[in-house]
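Protein chains in written order, with our numbering: chain A, 1 to 86; chain B, 1 to 200; chain C, 1 to 249.
Heads up, a few of these hints could be off.
[Said to hold, decoys possible] Covered stretches of chain C, as calculated for chain A (at least 3 residues, CB under 8 Å): (1) 23 to 35; (2) 95 to 104.
[To be verified] Negatives, chain C to chain B, calculated, CB over 10 Å: (3) S18; (4) D54; (5) A58; (6) G82; (7) E83; (8) V118; (9) R155; (10) E165; (11) A191; (12) P234.
[Said to hold, decoys possible] Pairwise CB distance ranges, derived in the manner of DEER restraints: (13) B:V33 with A:F22: 36 to 46 Å; (14) C:A19 with A:R2: 42 to 52 Å; (15) A:G23 with B:R127: 44 to 54 Å; (16) B:D105 with C:P196: 30 to 40 Å; (17) C:S156 with B:H29: 22 to 32 Å; (18) A:Q70 with B:M187: 29 to 39 Å; (19) C:R57 with B:N140: 31 to 41 Å; (20) C:V146 with B:V27: 47 to 57 Å.
Think of the hints as simulated: they come from the structure by calculation, not from any bench. Glycine is no exception: its CB is placed at the ideal position from the N, C-alpha and C atoms.
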Amino acid sequence: MRPLEDGVVDGNAIGGLLIEVFGTEMTTAVGTCGSCGTAGQVAELAVYRPELGTVVRCRSCDNVLMVFVQIRGVTCVDLQGLAQLA
Amino acid sequence: MSPISRGFHRRHEETEPAGRVPPGQYVTHDFPVLSAGPTPHTPLANWTFSIEGAGAPASWTWAEFQALPAETVTVDIHCVTRWSKLDTAWTGVSLDVLLDAVSYDAPYVLAFCDGGYTTNLPVADLRGGKAWVAYRYDGNPLAPEHGGPARLLVPHLYFWKSAKWVRGLRLRETDAPGFWEMYGYHMYGDPWKEQRYAGD
Amino acid sequence: MEGTAVRGRLTWQTAMVSAVTDETPAVRTLVLSVPDWAGHRAGQHLDIRLTADDGYRAERSYSIASAPGEPVAITVERLDDGEVSPYLTQDVQPGDEIEIRGPIGGYFVWDGAASDSVPLVLAAGGSGVVPLRAILRHRSQVGSSVPVRLLYSARSLADVIYRSELGAEPAGVQVIYALTRQQPPGWTGYARRVDPAMIAEVAWPVAQAPLAYVCGPTNFVEAVAADLVALGYPPQRVKTERFGATGTP
Numbered sequence: 001m002r003p004l005e006d007g008v009v010d011g012n013a014i015g016g017l018l019i020e021v022f023g024t025e026m027t028t029a030v031g032t033c034g035s036c037g038t039a040g041q042v043a044e045l046a047v048y049r050p051e052l053g054t055v056v057r058c059r060s061c062d063n064v065l066m067v068f069v070q071i072r073g074v075t076c077v078d079l080q081g082l083a084q085l086a
Numbered sequence: 001m002s003p004i005s006r007g008f009h010r011r012h013e014e015t016e017p018a019g020r021v022p023p024g025q026y027v028t029h030d031f032p033v034l035s036a037g038p039t040p041h042t043p044l045a046n047w048t049f050s051i052e053g054a055g056a057p058a059s060w061t062w063a064e065f066q067a068l069p070a071e072t073v074t075v076d077i078h079c080v081t082r083w084s085k086l087d088t089a090w091t092g093v094s095l096d097v098l099l100d101a102v103s104y105d106a107p108y109v110l111a112f113c114d115g116g117y118t119t120n121l122p123v124a125d126l127r128g129g130k131a132w133v134a135y136r137y138d139g140n141p142l143a144p145e146h147g148g149p150a151r152l153l154v155p156h157l158y159f160w161k162s163a164k165w166v167r168g169l170r171l172r173e174t175d176a177p178g179f180w181e182m183y184g185y186h187m188y189g190d191p192w193k194e195q196r197y198a199g200d
Numbered sequence: 001m002e003g004t005a006v007r008g009r010l011t012w013q014t015a016m017v018s019a020v021t022d023e024t025p026a027v028r029t030l031v032l033s034v035p036d037w038a039g040h041r042a043g044q045h046l047d048i049r050l051t052a053d054d055g056y057r058a059e060r061s062y063s064i065a066s067a068p069g070e071p072v073a074i075t076v077e078r079l080d081d082g083e084v085s086p087y088l089t090q091d092v093q094p095g096d097e098i099e100i101r102g103p104i105g106g107y108f109v110w111d112g113a114a115s116d117s118v119p120l121v122l123a124a125g126g127s128g129v130v131p132l133r134a135i136l137r138h139r140s141q142v143g144s145s146v147p148v149r150l151l152y153s154a155r156s157l158a159d160v161i162y163r164s165e166l167g168a169e170p171a172g173v174q175v176i177y178a179l180t181r182q183q184p185p186g187w188t189g190y191a192r193r194v195d196p197a198m199i200a201e202v203a204w205p206v207a208q209a210p211l212a213y214v215c216g217p218t219n220f221v222e223a224v225a226a227d228l229v230a231l232g233y234p235p236q237r238v239k240t241e242r243f244g245a246t247g248t249p
């Protein structure tokens, strides 16, 4: 597993956003990558926040697992990269 | 009703628009790095730039690309996150040169990049000396965190359209949303009309 | 979920700053009075939201510095080019209101339960010490005797947060500093950034089934976590929390 670059964070940093979206604590939920099958707790996923939105990626293969974009008070949520989130 | 935080204000006040700076922007002397994924490190020996979907598609290796006529331009760039950077100097190949190498009549492109990023543009906005594939910034080879070895440079649109780590263009009959456009960013992105989000 | 009828700890609520304490020239602790606080666990954080009079909003997350049951407190490091941290560390006064949301986090927590009764390695990069201090305070609170080694990487002694509290070293807690830029005269401790050799010297042996909590800037966390795993720590026993701030101690 390649080290994360400076400035990249993890799922802990979006704990509040995830509660907003899912209505519950999600950092210990396990996300399974739809591309490579690697499963990991949300707290340990790679989180990129380029200000335009939040992009959550698999630590193993960098596949996009989740995208959150908040525009005009509406949050767009894309979970298509996940095979499972439980 | 949120309480007002006494004395709190945004760090960067907007610059008064005076011709050079679009509405809602502030001028920065930094060059912020905004990335949606890890920095790719494609070896130059493996790098190609391609134009696909045309009658006679084209592809250039790095050596071939470096042999194309290039120009150095100084432009202002405007990010949708509100920073503008003035007088940035880039060297690259004009999209006019690249598009002249293919025969096509499609009106749109989807730019694609290492790491999977995409963004959509009208071909007309790549033509007429308005866009480049840039591989030098400020006289030096373009740094990886800023999109090196090469990025798209389309300064008249918001900078998310200037796709980092660009590897080619796919010509299309219809305008298909790229990465950020899918999630609600404007399909066109004219900073002078403040077209940040769909519906602006 | 603004606008929902049911107010609870998962929604924004207005807190009042009840006290401020300067920990170092660049770091301040804010004690908050939160009317509907539901309690928290050691290691959790809260989100704060500021609203300017033109409607501009900024949100940030800060680890909770206090133990469960103590008044909620956050410790904020002022970033020179920051937007929120200069406000929180210089402008905010007792009596001011701040919107908060929390507590948040179920991963980077230590409860002192039976399952947690193993030696702890706590590794702090700069202000990454904040949630680890909450863990240490909770450990004292519950009368736990698990052995702890806190490896705290800071630029200099002047940058060490909670220095006198850590200096009191409760029984069973060893605090090891790595001062990366400046050391006091006669310093015999680590005078460099954390590296595999340092981790090997500080970390509890794998055979003791220790738990590790690593918090700080991403580069720091990546290095320490990798070093622990290289020593044989199972990855699931190395908990990580990465800040985005660049420029580590």
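Checked hints:
no. : hint                           : result
1   : 23 to 35                       : violated (count 0)
2   : 95 to 104                      : holds (count 3)
3   : S18                            : 15 Å, holds
4   : D54                            : 8 Å, violated
5   : A58                            : 7 Å, violated
6   : G82                            : 8 Å, violated
7   : E83                            : 4 Å, violated
8   : V118                           : 34 Å, holds
9   : R155                           : 23 Å, holds
10  : E165                           : 29 Å, holds
11  : A191                           : 30 Å, holds
12  : P234                           : 25 Å, holds
13  : B:V33 with A:F22: 36 to 46 Å   : 30 Å, violated
14  : C:A19 with A:R2: 42 to 52 Å    : 44 Å, holds
15  : A:G23 with B:R127: 44 to 54 Å  : 49 Å, holds
16  : B:D105 with C:P196: 30 to 40 Å : 60 Å, violated
17  : C:S156 with B:H29: 22 to 32 Å  : 29 Å, holds
18  : A:Q70 with B:M187: 29 to 39 Å  : 19 Å, violated
19  : C:R57 with B:N140: 31 to 41 Å  : 38 Å, holds
20  : C:V146 with B:V27: 47 to 57 Å  : 54 Å, holds
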